[in-house]
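**Q** Protein sequences, first through last, are from chains A and B. 120 is the number of the first residue of the first sequence in our numbering; add one for each residue after it. 246 is the number of the first residue of the second sequence in our numbering; add one for each residue after it.
I should point out that these hints are in silico values taken from the structure, not numbers from a laboratory. From a predicted model like this one, the values you see are computed outputs, not experimental measurements. Using N, Cα and C, we set each Cβ at its ideal position, and we do this for glycine too. Be aware that one or more of the hints could be misleading.
One-sided excerpt, in silico: chain A residues whose CB lies under 7 Å from chain B [claimed, not checked]:
id : residue
1  : V128
2  : V133
3  : D136
4  : A144
5  : Y146
6  : E149
7  : Y479
8  : Q486
Which chain B residues stay away from chain A? Per the calculated CB distances, all over 12 Å, these [unchecked claim]:
id : residue
9  : T306
10 : V310
11 : P355
12 : D399
Covered by chain A, according to a simulated footprint, are these stretches of chain B (three or more residues, beta-carbon under 8 Å) [said to hold, decoys possible]:
id : segment
13 : 428 to 434
14 : 474 to 484
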Amino acid sequence: MLAVALCGVMTACVNDDTDFSDIIAEYQVEPESIELDFTALSEAPDVPVTDENDSAYNDYVENTSWNKVMYIDFNGSSATVTGSVGGVAVSTSGAHVVVTNLSGPVKFVVSGATNDGSIKFYGDKRFQLLLNGADITNPHGAAINNQGSKSMYVVLADGTANTLRDGSNYTVVDEEDQKAALFSEGQIIFSGKGQLNVYAIGRGGIRSDDYVRIRPGVNIYVNSTALDGLRANDGIIVDGGVVNVETTGNGAKGVRSGGVMKVNGGRMIAIADGDTRIETDEAGLVDTTACAALYCDTLVTVNAGILKFKATGDGGKGLNAKHNVVINGGKFMSVAMGTNKLKKAKGMKIDGNLAINGGYTYSYSRQSDPLDVAGNTSVAPGYTTYKLSVKVLTISY
Amino acid sequence: MARSKRNQIAALLLLITILIPTSLHADDAGLVVSAEASYKISKKWNAGFETEFRSRNNFRTADRVSLGPSLSYKVLPWLKASVSYNLLIDNNREKITYQDDEVSYNNWRPSYWGLRHRFNVSLTASYKIQRVEVSLRERWQYTYRPSKMIDNFDFDEGIWEDHEVRGKGKNVLRSRLQLEWDIPKCKFDPYASVEFHTTRDLEKTRFIVGVNHSIKKKHNFNLYYRYQLSGSSSDEPNIHLLGLGYTFKF
Chain A
120 MLAVALCGVM TACVNDDTDF SDIIAEYQVE PESIELDFTA LSEAPDVPVT DENDSAYNDY
180 VENTSWNKVM YIDFNGSSAT VTGSVGGVAV STSGAHVVVT NLSGPVKFVV SGATNDGSIK
240 FYGDKRFQLL LNGADITNPH GAAINNQGSK SMYVVLADGT ANTLRDGSNY TVVDEEDQKA
300 ALFSEGQIIF SGKGQLNVYA IGRGGIRSDD YVRIRPGVNI YVNSTALDGL RANDGIIVDG
360 GVVNVETTGN GAKGVRSGGV MKVNGGRMIA IADGDTRIET DEAGLVDTTA CAALYCDTLV
420 TVNAGILKFK ATGDGGKGLN AKHNVVINGG KFMSVAMGTN KLKKAKGMKI DGNLAINGGY
480 TYSYSRQSDP LDVAGNTSVA PGYTTYKLSV KVLTISY
Chain B
246 MARSKRNQIA ALLLLITILI PTSLHADDAG LVVSAEASYK ISKKWNAGFE TEFRSRNNFR
306 TADRVSLGPS LSYKVLPWLK ASVSYNLLID NNREKITYQD DEVSYNNWRP SYWGLRHRFN
366 VSLTASYKIQ RVEVSLRERW QYTYRPSKMI DNFDFDEGIW EDHEVRGKGK NVLRSRLQLE
426 WDIPKCKFDP YASVEFHTTR DLEKTRFIVG VNHSIKKKHN FNLYYRYQLS GSSSDEPNIH
486 LLGLGYTFKF
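The shape of chain B in the complex, shown without the other chains (with noise of 0.2 Å):
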């Protein structure tokens, strides 16, 4: 029997190395890397502090760095409420603008790095059936980008210029939909997800397989894959993200 399911868990992971490879020569690649410290303060609340870094440009490029505290309550024993802030220090991919002819370049932004504040509110909605927990989150996302000043290539006046990116705050939607499988005597859970972030239109979708490790119930580690696949207006590439966190309990 446990040999089945550590072949479960090897196809599982088969199946996250097969699928980077098929697909990275259209898409982007990256790494997403999380480290987080979770204290729960009593049965009903838990506070925790998570610092993340994402790479993209099939690893090669440094894309994003975040970190912010996290508060969640327990209002049922099926449905958790949370709230969190994230500071995000994401490395702005390059905009690239093109004439009317659709070939000669008009501007050049060259990737920049920037802040960015994030609140998440959500309610998670829980369900065990069997061995599977079948869990539903919803999440309203608020980030707010401040105002910066860049440096912005002008190819018709062949000079470099002043840019003000704008400061704006976009809300976003994000409902989660996630079936994790608790294998008798296996240290492996492994679990399947996947989330829509909208807006007015669908801006992405985060398909999501992963194993769940945990080491005396103090370590906790995680390994995924997630593809995400943008919207039609975003100008955001597809990219295939491999996923290591690490949590410990206090």
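Bound-form chain A, shown alone (with noise of 0.2 Å):
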């Protein structure tokens, strides 16, 4: 009796748990990681269009003569502008730029550093902004603000590193715009091989109310403590170059575009790590809006490059697309390390489609749903790699 009593005490060892430990570590792991990257890309060489009838034919800087200089040179509190165009007109105070533009095609080639200085251009003509080694910071508004409609080809000069920065209050001018340290009207076309940072307390980083495009070889990066890092309402186009955007603020998207995103190269990575936004209209109503490293209203489609979105925070999403996503190449990482007080904090949420033909797709949320697509969900045949787990969807070709 001693033996049997023995022989149950010692061989009751065995725990009677269910056995979690591969749904749990399903749902531990951790993430590819998704970091700010700075560093040069090799890329193919921007060979410009030529075809006129091409709707991209005047997104491209070389497609235009700029026989008309003018210079516009930041010394702290001032500014001096050389040169002289017809039918351009130029008023300064301090070192606050006016630029009124009823000429045509005119290049500007801004250098120097202010800490009280802008550039706001008036007239619908497109122009060249050549930033060369430009240092300006606006603590009432904008660094540089287009009040025209045309297009605004921001060329960052060869080997230069330039700065853009607003201020915390913007001065309200009436019926005028200014929505971010480089605000445009217009479209904003970036081009050069030189580096672009903007740093925003105040408003967006970069923001155009037309449509945005980015050429191979520039270097940007944009920090915004407030609203959103990049945003065009009219569409994003990525052709290449290197993109690097962190913003912090509730609610903020790192890289927003109202119209349809199309990325053909580059790299561009964008981290949001603010918290859900909660307000209270007049009513008492109250509302919340979700961070989101990549926001789309309209079509995003991927044929090349690299892209990594990452949100942190409460409900911050990797990318909230609010129709059809079509991946064809590249590299596309979507992550969500946030909680889900007030919003889920999901890899992926696309309220339409999402078609993968191609490439490398994956997306990861902490605490919620890797991918969360409304609509329906393609995978083209061919893939080498495709995993879907709790935290986890990887796609590869």
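Grab the two chains, each in its own frame, and use the hints to assemble them into the complex.
**A** If you want it as structure tokens, here you go:
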């Protein structure tokens, strides 16, 4: 009897819990790392479109003759404007420069530094803004503000570093928008092989009420503690270049496109660190807006390039797409690290359809779904990896 | 005559061995091993100290270790009063909750070891009818579980969370009716009992059959089979227990 008792005691050492180890391991898998990356990117030569009938023809600064040139040089509290172009009026107040361009294509070469300056453009004529080592801070609003509706070619001179900063409080000007440290009512087309750093503490970082095109060679960094990092109302086209965006404002989006977003190359990394924004309107109704590293109102098409998006705050989504998403190639990574207190922190939230035809697609959510597609999800045959777990989606070709 | 009695004991043990395996597949099974030291202070007073081990999960998992002193007093020749305290060290079973769809997991609290303090006050009335002793024991049992922080896995969030098992006390009335046979010239005394554990509802019912065996009145061995039927409000499964007890009397 003693032996039975001893055996009974000694052998009762098995845990009788349900084995959730595999499931929990799936839940606790760590995401692939997404961090800002400023290293240069090896890119194919950027060949301008030469067909005038091509809709992108006018997006190439090379396709315009820039015979008319003016120079704006900042020096602390003043700005010196040199060059004279008929039909272009320039006024200065300290280091605040106002240009009214009724002439046609004009190239403005900007250099120097100011802690209280800006450039504002009027006139519906396209122009080139060649940033040649400019460092502009405007404590009262946008550092560069284009009120014209035509293209602003922002060319980053080879090897230069350029910095734009806004202020925490924008001076209101009647019937004028100034929505970001670098703002344009018209298109913004970035080119060149220089660097642009944009720091926004009052409103957004870079914003166009039209579309934004980013060409190979540029290196752009946007840091916004207030609103969206890079935003365009009518679309974003990324042909190349290195773009790093980080935002910390609640409800802010790293990259936001109101129109079609098309990626053909380059490397874009956006990290949104804010939490869900809570707003109460006059009627007392509470509205909540979650962050997203990438937010698109219409179609997103990825043909090539490296795209990495990460949201870390409560309810923040790696990708929040209101329409369809098509991934034909490249590398698309979307990560949500946040909690679900007010909104669900999903890796990819797509209200339309998702079509994956090639490339590498990765999505992760620490506490919610890696993939939430309201419409249909189609994955073309030929993939080498197709894995969907509670936390991770991985599809590669 | 002696052969007949041995046959009765054998039949009882056979019943035990038949009952356990026939129900094992549906219910849980385990072992109860206990050891007690008992000291007779006087004709009326008796003190003891008992330790017990229990297993579950078909004998493979430790369920409880307990220990504690007891004191009894013979109020009348047929009435005994006793008090006891037990420190219970429980291996609390895991708890899984589900979403509204009753399929998807919601939370998982793994099994954990925790302490409880138990106090018993009992009155036992005995009456002998020829060689059968009939006893009725009424026991008030109060158990206090201190609060404890444990890990809880939240499947919604996919994270481990700290979860507080709150401290609480519980009162149970235990009523046991037992019959014990004193078989002449037989060293084995078979017995059978049924016990009801009642709170607001009937929480569990225990059916026990067993035998006591004494050697020189100092060593007492107890072998029994207990079937514990859980009430509808209980999370615990029904369980078959094989009990082995030893008491040393000073």
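**Q** Of the numbered hints stated previously, which ones are contradicted by the structure, given in increasing order?
**A** 4, 6, 7, 9, 10, 11, 12, 13 and 14
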